[in-house]
Amino acid sequence: SQTIHQWPATLVQPVGSPLSLECTVEGTSNPNLYWYRQAAGRGLQLLFYSVGIGQISSEVPQNLSASRPQDRQFILSSKKLLLSDSGFYLCAWSPGVEVSKTQYFGPGTRLLVL
Amino acid sequence: GEDVEQSLFLSVREGDSSVINCTYTDSSSTYLYWYKQEPGAGLQLLTYIFSNMDMKQDQRLTVLLNKKDKHLSLRIADTQTGDSAIYFCAETPNTGGFKTIFGAGTRLFVKA
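Which chain is which? The protein sequence lines are A and B, in order.
Residue numbers are given in the numbering used here: position 85 of the first sequence equals residue 85, and the series is strictly consecutive.
Residue numbers are given in the numbering used here: position 92 of the second sequence equals residue 92, and the series is strictly consecutive.
Bear in mind the hints are in silico, worked out from the structure with no lab data behind them.
Bear in mind that the values here come from a model prediction, so they are computed numbers and not experimental data.
All C-beta atoms, glycine included, are put in the ideal place defined by N, C-alpha and C.
Be careful, since some hints might not be right.
[As the list claims (entries may be wrong)] Interface residues of chain A toward chain B, partial, derived using beta-carbon atoms under 8 Å:
{"#": "1", "residue": "8"}
{"#": "2", "residue": "32"}
{"#": "3", "residue": "42"}
{"#": "4", "residue": "44"}
{"#": "5", "residue": "46"}
{"#": "6", "residue": "49"}
{"#": "7", "residue": "94"}
{"#": "8", "residue": "101"}
{"#": "9", "residue": "102"}
{"#": "10", "residue": "103"}
{"#": "11", "residue": "105"}
{"#": "12", "residue": "108"}
{"#": "13", "residue": "112"}
{"#": "14", "residue": "114"}
With the rest of the complex left out, here is chain A (with noise of 0.2 Å):
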């Protein structure tokens, strides 16, 4: 079966400090991968997709960046992070041939940056 998994669950970081965040998908191959940011009581907020290695969309510009590095691994970075930054930030992939789309949230990452 497919997991998917996130770390760290929590980060509390200072304004202008660097940022990784790691995603890994197990159980499948080629998949369609995501990086969202929920804020606070609001919804989804599309950052990032990625349809194969190497292979980065980004949806918002912004200080983030996002690389895959291998086909199951999706790094989400920063170089100096804003207050702004803080939210939850959730992982998602969807198989890359199925017709429905459906994707498959990670647990996320709660970034609190002060």
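Starting from the known structure of chain A, arrange chain B on it as the hints suggest.
The following block gives chain B in isolation, referenced to the frame of chain A:
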């Protein structure tokens, strides 16, 4: 453009039915979804409906799709306190891409 709208809050008594409504704008959407998010957790797919269907039932859940009005609803029968969560409506536009558009979520409160 693509947009999905939902009311933000719904409060029901335990044992009553809950109906969460959603409207979407992209008439080409092929799949529409309902996801559930419990506090501090990721989203969990509850059910989805293909655009050529009007209704889908799965145990206590009933999804109704009105394509003419671009309206999707989720009915939860015999609502329990464990159903308290945020429910997200989502659509996948039929543009050949991989994006899913999510609503802002409806927070369901179930009173005992």
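Hint check results:
1. Checking residue 8 of chain A against chain B by beta carbon gives a least distance of about 14 Å; that is not within 8 Å, so the hint is violated.
2. Restraint check, residue 32 of chain A versus chain B: the minimum CB separation of about 5 Å is within 8 Å; hint holds.
3. A least Cβ separation of about 6 Å between residue 42 of chain A and chain B falls short of the 8 Å threshold, and the interface hint therefore holds.
4. Evaluation of the residue 44 of chain A hint against chain B yields a held restraint, the C-beta minimum of about 4 Å falling below 8 Å.
5. For residue 46 of chain A, the interface hint holds, the least distance from its beta-carbon to any beta-carbon of chain B being 6 Å, beneath 8 Å.
6. Taken as an interface hint, residue 49 of chain A checks out: its beta carbon lies about 6 Å from the nearest beta carbon of chain B, inside 8 Å.
7. Taking 8 Å as the C-beta contact cut-off toward chain B, the hint placing residue 94 of chain A at the interface holds, the least distance being around 7 Å.
8. The closest approach between the C-beta of residue 101 of chain A and any C-beta of chain B is roughly 5 Å, which is under the 8 Å cut-off, so the hint is satisfied.
9. At its closest, the beta carbon of residue 102 of chain A sits 6 Å from a beta carbon of chain B; the interface hint therefore holds under the 8 Å criterion.
10. Hint status for residue 103 of chain A relative to chain B: holds, with the closest Cβ pair at about 6 Å, below 8 Å.
11. Interface hint status for residue 105 of chain A: upheld, as the beta-carbon distance to the closest one in chain B is roughly 4 Å, under 8 Å.
12. Given the 8 Å rule on beta carbons, the hint for residue 108 of chain A holds: about 5 Å separates it from the nearest Cβ of chain B.
13. Interface restraint check: residue 112 of chain A against chain B, minimum CB-CB distance 13 Å, threshold 8 Å, status violated.
14. Checking residue 114 of chain A against chain B by beta carbon gives a least distance of about 20 Å; that is not within 8 Å, so the hint is violated.
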